Amino acid sequence: MKSGRFLTLFVWVYLLFLYLPVILLPLFAFNTGKIIAFPLKGFGFQWFYELAKIEALHTAVWTSLKIAIITSVLATILGMFASRAATRFSFPGKGPIMGLIMVPLVLPEIIVAVSLIVVLIKVMGLGLSIWTIILGHVLICVPFSIAILNGAFRSLDKSLEEASVDLGETKWTTFRLITLPLVMPGIISSLLISFVISLDEFIIAFFLTGSEPTLSVYIWGMLRFPGRIPAVMALGTIMLIVSLLLLTASEYFRRRGLRRSGVQDVGGFI
Amino acid sequence: MKKILKTEGANGLLLVSPTFIYAFLLLAVPIAAVVTFSFWTQNYLDLDTTFTLDNYRAAAQEPIYRVLLFRSLKISAIVTLATVILAFPIAYYISFFVPANRKALWIFLITVPFWTSYLLRIFLWKVILGYNGVLNSGLKGLGLIDEPLTFILYNMNAVVITLAHAWAPFAILPIYVVLEKIDRSLLEASYDLGESRLITFMRVTLPLALPGILAAAVIVFIPTIGDYVTPKLVGGPSGLMISNMIQLQFLKANNAPLGATLAILAMLAVVVTLALLWIFGKLLTWFNRNYFGILR
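Protein chains in written order, with the numbering used here: chain F, 1 to 270; chain L, 1 to 296.
Hints are computed from structural coordinates only; laboratory data are not their basis. Just so it is clear, the structure is predicted and the values come from calculations on it, not from any experiment. Wrong hints could be hidden among the right ones.
Claimed, not checked - Distance windows between CB atoms, simulated:
{"#": "1", "chain 1": "L", "residue 1": "Met202", "chain 2": "F", "residue 2": "Arg5", "range": "18 to 24 Å"}
{"#": "2", "chain 1": "L", "residue 1": "Gly141", "chain 2": "F", "residue 2": "Pro181", "range": "54 to 60 Å"}
{"#": "3", "chain 1": "F", "residue 1": "Pro226", "chain 2": "L", "residue 2": "Ile279", "range": "46 to 52 Å"}
Said to hold, decoys possible - Only pairs whose alpha carbons sit at most 27 Å apart, straight line, appear in this in silico DSSO-like list of lysine-lysine:
{"#": "4", "chain 1": "L", "residue 1": "Lys126", "chain 2": "L", "residue 2": "Lys252"}
{"#": "5", "chain 1": "F", "residue 1": "Lys122", "chain 2": "L", "residue 2": "Lys252"}
{"#": "6", "chain 1": "L", "residue 1": "Lys181", "chain 2": "L", "residue 2": "Lys103"}
{"#": "7", "chain 1": "L", "residue 1": "Lys126", "chain 2": "F", "residue 2": "Lys41"}
What the hints assert, rightly or not - Chain L side only, calculated, beta carbon under 10 Å to chain F, not exhaustive:
{"#": "8", "residue": "Ala10"}
{"#": "9", "residue": "Asn11"}
{"#": "10", "residue": "Thr19"}
{"#": "11", "residue": "Tyr22"}
{"#": "12", "residue": "Pro30"}
{"#": "13", "residue": "Leu109"}
{"#": "14", "residue": "Val112"}
{"#": "15", "residue": "Ala168"}
{"#": "16", "residue": "Ile222"}
{"#": "17", "residue": "Ile242"}
{"#": "18", "residue": "Ile246"}
{"#": "19", "residue": "Met267"}
The beta carbon of each residue, even a glycine, is placed where N, CA and C say it ideally should be.
With the hints as constraints, model all of the structure from the sequences given.
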């Protein structure tokens, strides 16, 4: 199996390429030197302490959290409607309708940003606020939410709902008592993924941000000042850890959901 | 009326309508508005709403717009090719060599770097590729080079490397999904009938994986055309792309109609490229079926 050994070697080199930035991020965050270059100076937490002193950063974090929480709730609710309709019913125009909803997945984000600027600001004359960003973020999060929820709704056994209706429950109580608990892990997973996507999104926020910059827009501004960059590395390290915790939680809930409905797990998220 | 509301079609439509209306109002209508805008002109602070092709004429005549558009297409095409070619062996390895109970872990491993802040990932590539960067100081330390390499930052190469990194999981996952679906007994049948590993790969595995490879190419190609941050941070003047000009027109030059025109042209370029690719794919399949008999 000589070809197998070549392939294994290639895989490890590729993984190094994939992980290079992720390894460097904490390395520079804990480095006490002021410039981002090798050799490293020493180990210390000073850049993390410095983060605590930047007032504007705290405001930006708070703005981003507000946007991410509202976005994840709205995107998941809209995702539930579409996913339930797509997995349970066949209706006229299903292909084009679902196609339009899923399009932001492959549309360059700058197109979404530009089209929202044209309609919301130039045509409707609205001012920029966190709500203009939320409108854009919901649009790009809904397809991810649908992709996750489709798995949850599809693995749902239809006969459980029919049994509930036969036993005299109404459509709404059936949904609340039977359907909702069974797809709940999918819902939590969708909330977490949307939250992470919104928190990290830059282009739409950059175009639609008003007087309150989001975290990513604030980081973009900081990247121009060499003195600020070690602190940005520390911030990036914290964000990476938070993202990974949320994603692990999301994956845990998704799998628990599949186990609960007795389906064989196939692959990871996305 | 009540009867119509009870049909399955009506139920489905009713259920999908909130999401559909949202996408319609915030995606379909805005894109239509961008198209309309591209036929208008900016007159200092006022919009001149008489229909005109002036923006398109400017986009065709000023060399800068043409250069940026074609460069964006070229960069996206190279990035797509590089990303898909590098991604295929990885997807193949996970699907065929990794034990079934470890596959989910490997997919997780592939997606972890993708969850590092998008801005910082690109910024770190600038740190890696820079004049005194990680790569140059590493190669110098090893004694492999005397002078730092300069062809890897502030040009198209840097943009290609960075984007190929950023979109890796989006290429690996669709290919992995189709490889997982391939019935392994087909491969055994081919071996039993005396075909070598290479021929089996070319005539069984690759044709069956083709839909996933094409999906990966489309998923990488479309968004990279519109990337803004990568060319801005690592591209230098010779690596700037069309979205940098779109941003300039919208946020700095206050010429939204021209920006809208460039956005429309970028989208059209994507559509035309994809259509050509589709026709090419159809021709290839037809040619194979009639003359070579492989890829059947």
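Hint check:
1. Under the hint 18 to 24 Å, the C-beta atoms of Met202 of chain L and Arg5 of chain F, about 21 Å apart, fit the expected range.
2. Gly141 of chain L and Pro181 of chain F have their C-beta atoms about 58 Å apart, which keeps the hinted 54 to 60 Å range intact.
3. Restraint check, Pro226 of chain F to Ile279 of chain L: a C-beta distance of roughly 50 Å satisfies the suggested window 46 to 52 Å.
4. Between Lys126 of chain L and Lys252 of chain L the CA atoms are separated by roughly 25 Å; this keeps the pair inside 27 Å, and the hint holds.
5. Proximity of Lys122 of chain F to Lys252 of chain L is assessed by CA-CA distance (about 15 Å); at most 27 Å being required, the pair is judged to hold.
6. Distance check on the hinted pair: Lys181 of chain L and Lys103 of chain L sit about 14 Å apart at the alpha-carbon level, within 27 Å; holds.
7. Annotation: proposed proximity of Lys126 of chain L to Lys41 of chain F holds, straight-line Cα distance about 20 Å (limit 27 Å).
8. Proximity of Ala10 of chain L to chain F holds as hinted, the smallest CB-CB distance being about 7 Å (cut-off 10 Å).
9. The closest approach between the C-beta of Asn11 of chain L and any C-beta of chain F is roughly 6 Å, which is under the 10 Å cut-off, so the hint is satisfied.
10. Interface restraint check for Thr19 of chain L: the shortest CB-CB distance to chain F comes to about 4 Å, inside 10 Å, so the restraint holds.
11. At a threshold of 10 Å, the smallest CB-CB gap from Tyr22 of chain L to chain F is about 6 Å, leaving the interface hint in force.
12. Interface restraint check for Pro30 of chain L: the shortest CB-CB distance to chain F comes to about 3 Å, inside 10 Å, so the restraint holds.
13. For Leu109 of chain L, the shortest C-beta to C-beta distance to chain F is roughly 7 Å, which falls under 10 Å, so the interface hint holds.
14. Taking 10 Å as the C-beta cut-off, the interface hint given for Val112 of chain L holds, the closest approach to chain F being about 7 Å.
15. A distance limit of 10 Å between C-beta atoms decides the matter here; for Ala168 of chain L the minimum to chain F is near 6 Å, and the interface restraint holds.
16. At about 5 Å, the closest approach between the beta carbon of Ile222 of chain L and any beta carbon in chain F falls short of 10 Å, and the interface hint on this residue holds.
17. Given hint, Ile242 of chain L at the interface with chain F, holds; its Cβ is 9 Å from that chain's nearest Cβ, closer than 10 Å.
18. Contact between Ile246 of chain L and chain F, as hinted, is supported at the beta carbon level, the nearest pair being about 6 Å apart and thus within 10 Å.
19. For Met267 of chain L, the interface hint holds, since its Cβ comes within 10 Å of a Cβ in chain F; the closest pair sits about 6 Å apart.
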